[in-house]
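Start from the sequences, fold in the hints, and give me the full structure.
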Amino acid sequence: MRKDSFLYRAFDLYYDGFRHMTLGRTLWAIIIVKLIIIFAVLKVFFFPNYIKQHAEEGSEDAFVATEIIGRQ
Amino acid sequence: MQNILLNIDAGTIDWSRAQFALTAIYHWLFVPLTLGLALIMGIMETCYYRTKKRFWKDTAKFWQKLFGINFAMGVATGIILEFEFGTNWSNYSWFVGDIFGAPLAVEGILAFFMESTFVAVMFFGWNKVSRGFHLASTWLTGLGATISAWWILVANAWMQYPVGCEFNPDTMRNEMVSFFDVALSPFAVDKFCHTVISSWIIGAVFTVAVSCWYLMKRREQKLAVESIKIGAVVGLIAALGAAATGHKSAQSVGEVQPMKLAAMEALYHGGTDQGLTAVAWVNPCEQPDFLNESEAPLKIEIPYALSFMATNDIHGYVPGINDILNGYTRPDGTQEPSVDEKIERGKQAIATLAEYRKAKKEGADEATLATQLSLLKDNMKYFGYGYIKDKSEVVPNIPINFWAFRIMVGLGCLFILYFAIMLLLVFDIPFLSVLTRRLLATVGLLTETEADSSNITGLPNWHYWVPIVLLPLAYIASESGWLVAEFGRQPWTIQDMLPTWVAVSDLQSSSVIITFFLFLILFTTMLAVEINILLKQIKKGPQS
Numbered sequence: 002m003r004k005d006s007f008l009y010r011a012f013d014l015y016y017d018g019f020r021h022m023t024l025g026r027t028l029w030a031i032i033i034v035k036l037i038i039i040f041a042v043l044k045v046f047f048f049p050n051y052i053k054q055h056a057e058e059g060s061e062d063a064f065v066a067t068e069i070i071g072r073q
Numbered sequence: 002m003q004n005i006l007l008n009i010d011a012g013t014i015d016w017s018r019a020q021f022a023l024t025a026i027y028h029w030l031f032v033p034l035t036l037g038l039a040l041i042m043g044i045m046e047t048c049y050y051r052t053k054k055r056f057w058k059d060t061a062k063f064w065q066k067l068f069g070i071n072f073a074m075g076v077a078t079g080i081i082l083e084f085e086f087g088t089n090w091s092n093y094s095w096f097v098g099d100i101f102g103a104p105l106a107v108e109g110i111l112a113f114f115m116e117s118t119f120v121a122v123m124f125f126g127w128n129k130v131s132r133g134f135h136l137a138s139t140w141l142t143g144l145g146a147t148i149s150a151w152w153i154l155v156a157n158a159w160m161q162y163p164v165g166c167e168f169n170p171d172t173m174r175n176e177m178v179s180f181f182d183v184a185l186s187p188f189a190v191d192k193f194c195h196t197v198i199s200s201w202i203i204g205a206v207f208t209v210a211v212s213c214w215y216l217m218k219r220r221e222q223k224l225a226v227e228s229i230k231i232g233a234v235v236g237l238i239a240a241l242g243a244a245a246t247g248h249k250s251a252q253s254v255g256e257v258q259p260m261k262l263a264a265m266e267a268l269y270h271g272g273t274d275q276g277l278t279a280v281a282w283v284n285p286c287e288q289p290d291f292l293n294e295s296e297a298p299l300k301i302e303i304p305y306a307l308s309f310m311a312t313n314d315i316h317g318y319v320p321g322i323n324d325i326l327n328g329y330t331r332p333d334g335t336q337e338p339s340v341d342e343k344i345e346r347g348k349q350a351i352a353t354l355a356e357y358r359k360a361k362k363e364g365a366d367e368a369t370l371a372t373q374l375s376l377l378k379d380n381m382k383y384f385g386y387g388y389i390k391d392k393s394e395v396v397p398n399i400p401i402n403f404w405a406f407r408i409m410v411g412l413g414c415l416f417i418l419y420f421a422i423m424l425l426l427v428f429d430i431p432f433l434s435v436l437t438r439r440l441l442a443t444v445g446l447l448t449e450t451e452a453d454s455s456n457i458t459g460l461p462n463w464h465y466w467v468p469i470v471l472l473p474l475a476y477i478a479s480e481s482g483w484l485v486a487e488f489g490r491q492p493w494t495i496q497d498m499l500p501t502w503v504a505v506s507d508l509q510s511s512s513v514i515i516t517f518f519l520f521l522i523l524f525t526t527m528l529a530v531e532i533n534i535l536l537k538q539i540k541k542g543p544q545s
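If you read the protein sequences in the order shown, they are chains D and S. When you read off a place in the first sequence, starting at 1, and then add 1, the result is the number in my numbering. When you read off a place in the second sequence, starting at 1, and then add 1, the result is the number in my numbering.
Treat the hints as calculated values from the structure; they're not laboratory data. Quick reminder that beta carbons are idealized off the backbone N, C-alpha and C, glycines included. Wrong hints could be hidden among the right ones.
Calculated pairs, PhoX-like style, for lysine-lysine (alpha carbon to alpha carbon, straight line, at most 25 Å) [said to hold, decoys possible]:
no., chain 1, residue 1, chain 2, residue 2
1, S, K62, S, K541
2, S, K378, S, K359
3, D, K4, S, K129
4, D, K53, S, K361
5, D, K53, S, K359
6, S, K541, S, K54
7, D, K35, S, K66
8, S, K62, S, K249
9, D, K35, S, K537
10, D, K53, S, K362
11, S, K348, S, K382
Sample of chain D residues lacking proximity to chain S, with all beta carbon distances greater than 10 Å (derived) [stated by the list, open to error]:
no., residue
12, R3
13, D5
14, D13
15, A41
16, K44
17, E57
Written out as structure tokens, the structure reads:
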């Protein structure tokens, strides 16, 4: 690949940037840990989709209607 | 929450609300600094672009680094709010799905592509791309964050003023009929302008506070003085802009959420020529007896100011809480129904919805269904009132609204004063700067020697402590604004359509309590980590 091509320069921007990070390494580590906690722990174990869990597929509207009308 | 008399655990509603508030409040600690610093660092880099001086490049890079720390800490904290919609607020989530989906999807795409692309160029692109392209990337990073805020605020504004939608009783969802009505709702425009401009104040106070810390330590003095100049200009413009957009926001609220405005003012009985309450005794711990009291005790008001704030006319009519509860005649002669009438129409809407769905299931003829649909459409505007047992349930918490509004406005005025003084001290503006210094000397805030000099370095340390103390106050002002916006619309998750106790999922309160404390620990840790990294980076300074 030619070194003055757009693709090489774009790749080099990221490659070189990531290689020479100092503070950025710490920040990326924090972001990754945070994303793991949010998506692999909180979402999976604590935040299921309530309607999907309680209504049959395709009859979500009936479930919500029962919930909403029934609370009057 | 006396209306939790259904099968729903009362604690579930309160804890779900508390959890949402906790998440939103923590998320909002990161966002305004991102929006504010984006503007500051853009200006710094523009100075570098114009002057080509190494000093401005180092200065811009320093503030970009602090922006990067805050940006990294704030990433994805807002996603948790979406989890809560799906789990804790499932009825709400289904009910609004189609309306909320579009702005949040646009926000996600923009946030991901625009910010991630240009943030990378901003941090990695020094010496790799042209100065012009780098400058454009810095501004586009900030613009990306601001556009993200736009879509989030569009979604929030729709809850306060639901427009551009139609309820479909077959799907039980509100469906978008006009994307532009939703995206360009006047309520959203006012909210966006006020929220973003007030965020710039936080960026400005942060910049001045960090700079003053350097002046206190007698280091990085050139960076500090030049940064204070930019911070003071941005801060004063933003503080004045926040006041102007706040006025416009108050008018929007007066038009579409008059109960919120009445609660903010503890206005029990309205009328024309209304004064704005400067101070009054509203017990912060209990809801006042608004049905029987004529007004809050010890009230001192600014004549005509509330009428002007709400209607742009000093003689304008502003309804009070009891007027709204009992119905009133608007200035244009039309009649606003009483809450009791709205309750009846809401009950009619819910009953019609139930009948329609039953009839449809049983295969009723088209004419019957059409009649029911027409009846539902006529009453749908007051659907949520059908769940109200007592009219006083539609009155939000008055003490929180009253005091949060006063804290926000009071601190806003303080910032105007502070940045105006700062601006006159750091810039040598003929006559005005000398006058300011003389005035400060007269009241003992500067010595005669300090007043004669236009130099802000070398002042006693307490001068530099002022913006450092103001920084948490700027956050308090910003969060107070959100408290007014969100407490003021209670009990509604969607204005007039869905109260909290219908929107919430039928969960065990214990599971919500567990996640509440998990979030509290997670967010507090993140905040502590952010403050720690920020302080270390500030101590290292621009040469790190």
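(request) Would you mind confirming whether the straight-line C-alpha gap from D:K53 to S:K362 stays at or under 25 Å? (result) 22 Å, holds
(request) With a cut-off of 25 Å on the C-alpha distance, tell me whether D:K35 and S:K537 pass. (result) Answer holds: D:K35 to S:K537 is near 21 Å, not above 25 Å.
(request) Could you let me know if the closest chain S CB is still more than 10 Å away from the CB of D:D5? (result) At roughly 12 Å from the nearest Cβ of chain S, D:D5 sits farther out than 10 Å, so the non-interface label holds.
(message) Can you confirm whether the C-alpha distance between S:K62 and S:K249 stays at or below 25 Å?
(response) 36 Å, violated
(request) Mind checking the alpha carbons of S:K378 and S:K359 for me, to see if they're no more than 25 Å apart? (result) It holds: about 17 Å lies between the C-alpha atoms, which stays within 25 Å.
(request) Given the hint that S:K348 pairs with S:K382, test it: the Cα-Cα distance must not exceed 25 Å. (result) 12 Å, holds
(message) With the threshold set at 25 Å, check whether the alpha-carbon distance from S:K62 to S:K541 stays at or below it.
(response) Roughly 13 Å separates the two Cα atoms, so the pair holds.
(message) Check the hint pairing D:K53 with S:K361 against an upper bound of 25 Å on the C-alpha distance.
(response) 24 Å, holds
(request) Would you check the hint for D:K4 and S:K129, treating anything up to 25 Å between C-alpha atoms as holding? (result) 13 Å, holds
(request) Mind checking the alpha carbons of D:K35 and S:K66 for me, to see if they're no more than 25 Å apart? (result) Distance ~20 Å between D:K35 and S:K66 Cα, so the pair holds.
(request) Grab the minimum beta-carbon distance between D:A41 and chain S and tell me whether it stays above 10 Å. (result) The claim stands: D:A41 keeps its Cβ more than 10 Å from every Cβ of chain S (closest is about 13 Å).
(request) Quick one: work out the minimum CB distance from D:R3 to chain S and report holds if it exceeds 10 Å, violated otherwise. (result) 16 Å, holds
The structure shown violates the earlier hints numbered 8, 14 and 16.
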